[in-house]
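Novice: Use these hints to put chain L onto chain R, whose structure you have.
Residue numbers (my numbering), protein chains in the order written: chain R, 3 to 404; chain L, 3 to 404.
No lab work stands behind these hints: they were computed from the structure.
C-beta: ideal position from N, C-alpha, C; glycine also.
Please note that the accuracy of each hint is not assured.
Claimed, not checked - Below, computed lysine-lysine pairings styled on BS3-like, alpha-carbon distance capped at 25 Å: (1) R/Lys342 to R/Lys145; (2) L/Lys145 to R/Lys173; (3) L/Lys173 to R/Lys145; (4) L/Lys265 to L/Lys145.
Unchecked claim - Residues from chain R that keep clear of chain L, each with C-beta distances beyond 12 Å, as calculated: (5) Pro18; (6) Ile61; (7) Arg86; (8) Ala87; (9) Arg167; (10) Ala260; (11) Gln262; (12) Val266; (13) Gly297; (14) Arg366; (15) Glu374.
2 protein chains.
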Amino acid sequence: MTSATLSRATTRLTVPEGSLYGLGNLPYGVYSVDGSEPRVATRLGDVVVDLALLLEDDIFASPSLNAFMAQGHERWADVRSSLRAALEGEVPATAVHQLDEVRLHLPVEVADYVDFYASEHHAANLGRLFRPQNPDPLTPNWKHLPIGYHGRAGTIVVSGTDVVRPSGQRKGPDDATPVFGPSTRLDIEAELAFVVGTGTPLSTPITVEDAERHLFGVALFNDWSARDLQAWEYVPLGPHLGKSFASTMAPWVVPMLALQEAKVPTPRQEPAPLPYLAAAEPWGLDLDLAVSWNGEVVSRPPYREMYWSPAQMLAHQTVNGASARTGDVFASGTISGPAKDSRGAFIELTWGGAEPVQVGGEVRTFLEDGDEVVITASAPGADGVRIGFGEARGRIVPARQT
Amino acid sequence: MTSATLSRATTRLTVPEGSLYGLGNLPYGVYSVDGSEPRVATRLGDVVVDLALLLEDDIFASPSLNAFMAQGHERWADVRSSLRAALEGEVPATAVHQLDEVRLHLPVEVADYVDFYASEHHAANLGRLFRPQNPDPLTPNWKHLPIGYHGRAGTIVVSGTDVVRPSGQRKGPDDATPVFGPSTRLDIEAELAFVVGTGTPLSTPITVEDAERHLFGVALFNDWSARDLQAWEYVPLGPHLGKSFASTMAPWVVPMLALQEAKVPTPRQEPAPLPYLAAAEPWGLDLDLAVSWNGEVVSRPPYREMYWSPAQMLAHQTVNGASARTGDVFASGTISGPAKDSRGAFIELTWGGAEPVQVGGEVRTFLEDGDEVVITASAPGADGVRIGFGEARGRIVPARQT
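Chain R with its partners taken away, still in its complex shape (with noise of 0.2 Å):
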């Protein structure tokens, strides 16, 4: 057989049964084999499929997705539709590797980065525990904007990479001066990142209502976080070196085009926004995320609790005449239900600390070295099937020697 006829060799794709990644899903990756160039494609069930071999299209043969997120929504709409009469039909069978045989990439190049805050649970369990002394545990602002801060971009992983125990100066309340060392209070945040696909120049903010027109994309997103260096260095311009050493995003950023069945009302904001952050209907999505600690399911964490929405996260960016660009990418903070095994953070699920849980048959408050977490999600999806979104993976390795 000649590597011509090689490469005209097709071959017809099945999902199987029960798959998060049916037809209804089509989540964009970035996968290479064998230390190939990084190319971007989808996944079918438990398969990668290479995107610019499948639609013959070369803005795909890229590393990132951002070429294509700029092209735009009505583009983005007609390559779903694509995707799928392709998918259904005789896929080239050079576009097609298995899952466990490719390398995943972090899917998107980051431009700005920013973490919002928007779950009350979270922000109040916060607040309890940060400030004690406070007697509402929500800052005065929290009901009134969607409070957020920029992160490092930078330092943004894909799922998979180790997260190296992070150094940095801590104070504890009793000690007379910092110490520097290993951070002893290493922590997760269960969040979802919204990938920006495209921007707007600068003085030209986007409303709550075209917010969806500029959203591409949703990743499972894991914003490690160092309590004890963020306890002492976050007052009074934010958390800064407790968070900047790695956050960890999932390989697949499934399209907003993906989640219309998910859609569902935030809960009731009360006192009502501001005209500029106002939504007729202002929508959450109802995703069920589960955070596995050491292969334990310690928390199911309920997206649709989130108070601020998406839309509204990115029109407060922009409302002040911020551009956006291509690859911006904003995570919506901690995502904490009400339950204790809601909660999206160790640092709530064991109340600083006071309360450990049992994990494998160990003790836990905070991260030990060795400790792996996986944070997976699904949702709702067209025809009942519900939708994946793959992992963000990450485990613990002991600090660099100093």
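Specialist: For chain L alone, kept in the frame of chain R given last:
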């Protein structure tokens, strides 16, 4: 005369007496003429010299300094030597343009941007204004670590770009609820931006001693700040919309290699910093800045008064294992000296608006539409010739209609 002859025509350049842009400076910028593709240049006296043509090296036929910066410290030194030698000889006439005939662009493709808070005078003044209830104007962490936070890389604009007055939420102490509208307390922060030339991978901190090998250069910077937006939003996660609408960077990056004569000890650091921030001889920079408000110099901030050194800021940023990238920019925070007329932000200069200043016969507290601010600086150079930094200029234009 044929074009072939023309392209071989050469000229000898002379530097006007007293110029701040002599052979001891040689800053790097990016220019275009008549809509041509932007390319890297240096400035000598009042002319701009194209480096790709001068040095016959295509790395400079690039719209930013990043590719050159990524080549590393030894290459920076080599190019500086070559550049000086070339400029002392016959220079291709096609490489030379009058400064007022070119357009200058943002010189750096900015990766991550961090803003520090390294002036003790500024931090103490802001503490007195923002947190008057606290007996100590400095937060307890201030003398132990250089406080910093990430800002928006995508809204760093080149000098000369108009700044549209930002809108957002504010809530005065007597307001029952927040209101939305154009900022009424629009301010500047006169700063220096440090440009990272070469980074490090994850988990490879840059030491204080090594920092200078990673630092490419320095540019004037104005971190425009909407104080009313900032005051309402910044607790607990730091500034966001109060800063993210625009930051102005000078078009010229003065290489660290030009600033050897400008190195001076920082103010005494007491208590002694933790070992990772300790330096045998922590060095600051002896820059004299000037802030002009509608053509009148209202402040002369002295960079030599800054408490934390650039090397300490870079070491701190990476000590937790955060990687650094070519094009990372970190700014010093407002440069304020001890004297009232050396304060680098108008909120300090006018004491929160309580002590207006006279500007060109008019009374000012914060910025009004049409106001223009220009920040300039000079520093000691070799052979007693001072070095200039171009300017960070911006004019306030009215808020967009909402």
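Novice: Going through the numbered hints above, which ones does this structure break? Give me the numbers in ascending order.
Specialist: 9
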